[in-house]
Amino acid sequence: MVNIIRLQSGEKVNRWTVVGKLGEGGFGSVYKVSKGNELYALKTESLREKIKLLKMEVYVLKLANGRKSKHFCICEDTGIYKTCLYLVMTLLGSCLQDIRKDLPKQKLSMGCALSVGIQCLESIEELHAIGFLHRDIKPNNFATGRGKLSELRRIYIFDFGMCRSYLDQHGLFRPPRKIVGFRGTTRYASLSCHIRREMCRKDDIESWLYQQIEITRGALPWRSLDEKKDDVAMYKERCRFEVGLQELMGGCPREYIEILRYIDGLRFYDKPNYDKIYKLMRKALASLRVQEFPYDWEGH
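Under UniProt numbering, think of the first position of the sequence shown as 1, with each following residue one higher.
Treat the hints with care, as some may be off.
Said to hold, decoys possible - Okay, the calculated beta carbon distance ranges per label pair: (1) S224 <-> G171: 39 to 47 Å; (2) R146 <-> N65: 17 to 25 Å; (3) D231 <-> Y269: 28 to 36 Å; (4) L167 <-> T83: 31 to 39 Å; (5) H170 <-> F293: 42 to 50 Å; (6) K228 <-> R146: 30 to 38 Å; (7) F241 <-> Y278: 26 to 34 Å; (8) R254 <-> Q8: 49 to 57 Å; (9) E242 <-> E24: 39 to 47 Å; (10) E24 <-> F173: 30 to 38 Å; (11) E24 <-> S224: 24 to 32 Å; (12) D275 <-> R146: 28 to 36 Å; (13) R164 <-> L245: 25 to 33 Å; (14) R15 <-> D226: 35 to 43 Å.
Keep in mind the hints are simulated off the structure, nothing from the lab.
We treat Cβ as the ideally placed atom computed from N, Cα and C, and that holds for glycine.
Build the full structure now, drawing on both the sequences and the hints.
Next comes the structure, spelled out in structure tokens:
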């Protein structure tokens with residue numbers, strides 16, 4: 001991290017007033033800011049950073065906003081203040097990881113988990129539709145809206161600093177590079193990511209399924225191995241076979257196994273059949289006779 005600028009409560013960043021700090025990441029800090037009676041989030045990044053993650057974030061948000069994508073924050077403003085680039089956008093509620101951890105069994109109720117999973121997949125489909133891969137799908141990068149009920153029930157995807165376009169300037173598929181570094185978070189990384197293969201749309205969906213299993217049953221079987229990438233990769237391989245599969249999917253709808261088989265059958269250039277996965281998720285909702293609403297965090 002290079003020369004992170006510290007903003008103080010009450011400080012004015014152009015027309016935005018700093019209310020307080022929300023957090024800090026590898027790129028810079030996130031603040032709660034106000035304009036009139038409305039609250040927003042403001043992200044900063046030092047102009048001296050070699051890798052411009054915030055520029056990618058702004059680019060992706062503006063593309064998504066142009067398509068009226070419903071699971072993306074609105075980019076309200078961007079600019080330069082002192083020695084940092086800043087982005088002002090919709091202020092969200094809690095992220096899925098915090099919500100899950102605050103629940104008694106550290107998992108969502110079945111109806112809520114399935115409904116939330118559908119929304120998370122919709123947001124990934126919206127991102128793929130503008131030509132980008134997320135490459136760091138995890139429950140920390142999805143959050144609820146805030147305020148009125150319709151927003152409390154909406155899931156947003158965020159944090160696009162790791163995104164990569166899978167299309168070139170002519171709209172054609174970029175061929176896979178021979179050598180790529182590890183991208184993402186070990187717990188949710190796809191098998192291709194573990195073996196340093198170029199990522200494709202399939203990989204975002206594989207990470208989504210690991211996340212989905214975690215919010216449904218409360219844990220992934222390899223969670224204690226988080227920093228041992230090779231051990232986690234071997235565990236994920238083992239979970240493709242009978243005993244490991246039962247360990248991975250215990251307590252989950254059987255449709256998840258069908259989704260895993262479908263994902264594993266996809267190849268690099270394949271467009272995922274998102275509708276097929278939505279139908280399987282809806283089938284699980286119907287066969288288990290569970291209700292989507294109210295969501296577990298309503299009224300908290």
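Hint check results:
At about 44 Å, the CB distance of S224 to G171 agrees with the hint of 39 to 47 Å. In this structure the hint that R146 and N65 lie 17 to 25 Å apart at CB holds, the actual value being about 19 Å. Distance hint check: the CB atoms of D231 and Y269 are about 31 Å apart, consistent with the given range 28 to 36 Å. Range check, L167 to T83: about 34 Å between beta-carbon atoms, so the 31 to 39 Å window is met.
Here the CB-CB span from H170 to F293 is close to 44 Å, well matched to the stated 42 to 50 Å. In this structure the hint that K228 and R146 lie 30 to 38 Å apart at CB holds, the actual value being about 37 Å. A beta carbon spacing of about 27 Å between F241 and Y278 agrees with the range 26 to 34 Å that was offered as a hint. Hint check: R254 to Q8, Cβ distance near 54 Å, so the stated range 49 to 57 Å holds.
E242 and E24 have their C-beta atoms about 44 Å apart, which keeps the hinted 39 to 47 Å range intact. Between E24 and F173 the beta carbon distance is about 36 Å. The supplied range of 30 to 38 Å therefore holds. With their beta carbons about 26 Å apart, E24 and S224 fall inside the hinted range of 24 to 32 Å. Hint check: D275 to R146, Cβ distance near 30 Å, so the stated range 28 to 36 Å holds.
In this structure the hint that R164 and L245 lie 25 to 33 Å apart at CB holds, the actual value being about 31 Å. R15 and D226 have their C-beta atoms about 42 Å apart, which keeps the hinted 35 to 43 Å range intact.
The structure meets every hint from the earlier list without exception.
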